[in-house]
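Trainee: What follows is the residue order along each chain.
2 protein chains.
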Amino acid sequence: MVKIEDIGEHQLLAIIRPYCDQEKIGDDGAILDVSLGKKLVITTDILVENVHFSDSTTPPHSIGYRATTANLSDLAAMGATPIALTIGLSLRKDVEISWIESLYQGIQQCLAKYNIKIVGGDITRSIVNTISITAVGEVSQNKAIYRHTAKVGDVILTTGFHGLAKAGLEILLYPEKYSHIDDETRKKVIFAHQYPQPRLDMIKHLKNLHPYPQITGMDSSDGLADAIIQICQMSNVGATINRQKLPIPLAIKKITDDETALNWLLYGGEDFELVLCMNVKVAQYLQLRLGKNCHIIGEINASSEIQLIDHENVYPKLLLNQRKTFQHF
Amino acid sequence: MVKIEDIGEHQLLAIIRPYCDQEKIGDDGAILDVSLGKKLVITTDILVENVHFSDSTTPPHSIGYRATTANLSDLAAMGATPIALTIGLSLRKDVEISWIESLYQGIQQCLAKYNIKIVGGDITRSIVNTISITAVGEVSQNKAIYRHTAKVGDVILTTGFHGLAKAGLEILLYPEKYSHIDDETRKKVIFAHQYPQPRLDMIKHLKNLHPYPQITGMDSSDGLADAIIQICQMSNVGATINRQKLPIPLAIKKITDDETALNWLLYGGEDFELVLCMNVKVAQYLQLRLGKNCHIIGEINASSEIQLIDHENVYPKLLLNQRKTFQHF
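Respectively, the protein sequence lines represent chains R and A.
The numbering of the first sequence is the numbering used here, which starts it at 3 and goes up by one.
The numbering of the second sequence is the numbering used here, which starts it at 3 and goes up by one.
Some clues are possibly wrong.
Identical copies go unnamed one by one, so any copy, or any two together, can satisfy a pair.
[Claimed, not checked] For lysine-lysine, the following DSSO-like pairs were computed, each having C-alpha atoms within a straight-line distance of at most 30 Å:
no., residue 1, residue 2
1, Lys-190, Lys-283
2, Lys-247, Lys-153
3, Lys-26, Lys-119
4, Lys-5, Lys-326
5, Lys-26, Lys-326
6, Lys-206, Lys-145
7, Lys-5, Lys-283
8, Lys-209, Lys-5
9, Lys-179, Lys-40
10, Lys-283, Lys-189
11, Lys-119, Lys-145
12, Lys-247, Lys-189
13, Lys-26, Lys-115
14, Lys-95, Lys-326
15, Lys-319, Lys-119
16, Lys-119, Lys-40
17, Lys-153, Lys-40
18, Lys-40, Lys-115
19, Lys-326, Lys-179
20, Lys-26, Lys-153
21, Lys-40, Lys-319
Hint data in this document are derived by calculation from the structure and do not stem from the laboratory.
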């Protein structure tokens, strides 16, 4: 297997170049257009080997795809449409060239859906593989989504399903524990972990709303509970989450018990869905349009707590716990 | 000494927050303005501990300053004016909090001169300290500087002086070898290594040129020779460099012999000056304006070589050597 140390910098750059926008690279920076009247949105995410990914659970193609999704998801969370990406890579010198090619193919596959390209970056050696992506996008001033604007009475709408990525990671980490799980379920949750989708489709729907409503939100990269906690803290509000309305995917029901399922759903992370607060009528309209693809799970209130309540009184009242959310240190 | 592992993520973020633009952070991305009619310029640079910096030669304040300069210099090299920066940090958990504060103070000191701020980023743990900065700037379409547009007959103009940063690094690495060097000289070259300046001042001068001339160029972050080689390769031209016109700073003459001085000057790197190709009349006008702050060192020709020639025939003709330039792997 050919490694970086066998080929040197110039050949390495020659291998990466075809994955980049030929017109934008080769200079000290890339020159891009921002549409007339739009604001620029910029976001940076770092993935470190053995912290955010591991060769044992994530092939390089999927690492590239997920890293790209993480950044595009941040743009979606701001209500923005992506323009371009820069890729900063720090690599061990014993990394195989095929690993790098596969990583870029994963990035490219994710980007291709949105017709955007890699326009620059940096590559250097290190003792640990690290991928640092910066994505730029654009948004109309009045359609930008922030975390601090949630109002009492807003409902909380989530896209898609939470907990699937965590279920996939569990199966990859502990295959023997889950050896009884059927192939279809296994594939579904592993795919959710390895190939999460940024919810830019939702942004398209939001953009078409007239008149444009106030929407507050963020993505659920660090978990559904974390997103709700962050939004409530920054908006100085509380919330109630209706336990019966939290959608537990069938795949997760097949894999684990109710309590673990709830934990994965609230604290699992890396589903890259959107958690949005808005007027109930707007939320209901979106639900009619999107069907199963979004769920109204709770409501913003004037308290200082985030309560998980059960209208059917089967489960006791719980408070969302910040200490259970993903800690980067 | 308090370390990251002692305080955790939330306190760490609280320490970093004061160094950032309060209005831009706290969401999934930062929202920025690009001036009407301007293009966006984006550039990314990664600095890895023990590859690009070391605690033995560079205090954290200077690491922050240099990392910022490296990015702003890339914007200057594109003819762009900076707008904002994002900082991606991967840190060992035993890093002292005072180290991180000092790093941000260095970044802030460099940014303050240009009235720009940190608007976002990411922070995560790793096994090696890594700083990944992305800078965004703006430029008028017709004033963007590329590497591929040098024309036969253009002269090569460099800003400032080359080799000083390398001289500073040498003194820091081998203090005993240079123990005879006077304090003033020592301080001057160590400052050049630890606190290099991005040449955004030059961009201001260029912007005022009417009519705006064709200017080709890049910065000399990887060395003066590297910059000339890159420009010639991308423009499909050659060049002659006049050895007598290469300005050897007095400080370097005091520190080392002629041959080493020439090597530092051509291949030392990290001076973050600009290497620009343009019509001779424009270059002469700039030289009148800037005086000692820029030098016409050679000329672009139609050959495929870059020759270092000596009009006084003291030294033999040399070819610039790509293998001597900084290799990232």
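Trainee: Hint by hint, say whether it matches the structure.
Mentor: Do the hints match the structure? See the list:
1. Lys-190 <-> Lys-283: Cα proximity of Lys-190 and Lys-283: none, with 33 Å in one copy and 67 Å across.
2. Lys-247 <-> Lys-153: within (21 Å within a copy, 67 Å between copies)
3. Lys-26 <-> Lys-119: Both: 9 Å inside a copy, 25 Å across copies.
4. Lys-5 <-> Lys-326: Between copies only: 22 Å across, 40 Å inside.
5. Lys-26 <-> Lys-326: Classified as between; 27 Å across copies, 43 Å inside a copy.
6. Lys-206 <-> Lys-145: Classified as within: same-chain Cα gap 11 Å, cross-chain 35 Å, threshold 30 Å.
7. Lys-5 <-> Lys-283: Answer is neither: 57 Å inside a copy and 49 Å across each miss the 30 Å cutoff.
8. Lys-209 <-> Lys-5: For Lys-209 and Lys-5, the Cα distance exceeds 30 Å both inside one copy (46 Å) and across copies (45 Å).
9. Lys-179 <-> Lys-40: Intra 51 Å, inter 57 Å, cutoff 30 Å: neither.
10. Lys-283 <-> Lys-189: Classified as neither: same-chain Cα gap 37 Å, cross-chain 67 Å, threshold 30 Å.
11. Lys-119 <-> Lys-145: Answer is both; intra-copy 24 Å and inter-copy 24 Å each pass.
12. Lys-247 <-> Lys-189: Result: close within a single copy only, 26 Å intra versus 67 Å inter.
13. Lys-26 <-> Lys-115: Answer is both: 20 Å inside a copy and 29 Å across each meet the 30 Å cutoff.
14. Lys-95 <-> Lys-326: between (36 Å within a copy, 20 Å between copies)
15. Lys-319 <-> Lys-119: Neither. Shortest intra-copy (47 Å) and inter-copy (44 Å) distances fail the 30 Å Cα cut-off.
16. Lys-119 <-> Lys-40: This pair counts as both: shortest intra-copy Cα distance 20 Å, inter-copy 21 Å.
17. Lys-153 <-> Lys-40: within (26 Å within a copy, 37 Å between copies)
18. Lys-40 <-> Lys-115: both (22 Å within a copy, 28 Å between copies)
19. Lys-326 <-> Lys-179: Within. Shortest intra-copy distance 23 Å satisfies the 30 Å Cα cut-off; inter-copy 55 Å does not.
20. Lys-26 <-> Lys-153: between (43 Å within a copy, 21 Å between copies)
21. Lys-40 <-> Lys-319: The answer is neither: 44 Å in one copy and 54 Å across copies each exceed 30 Å.
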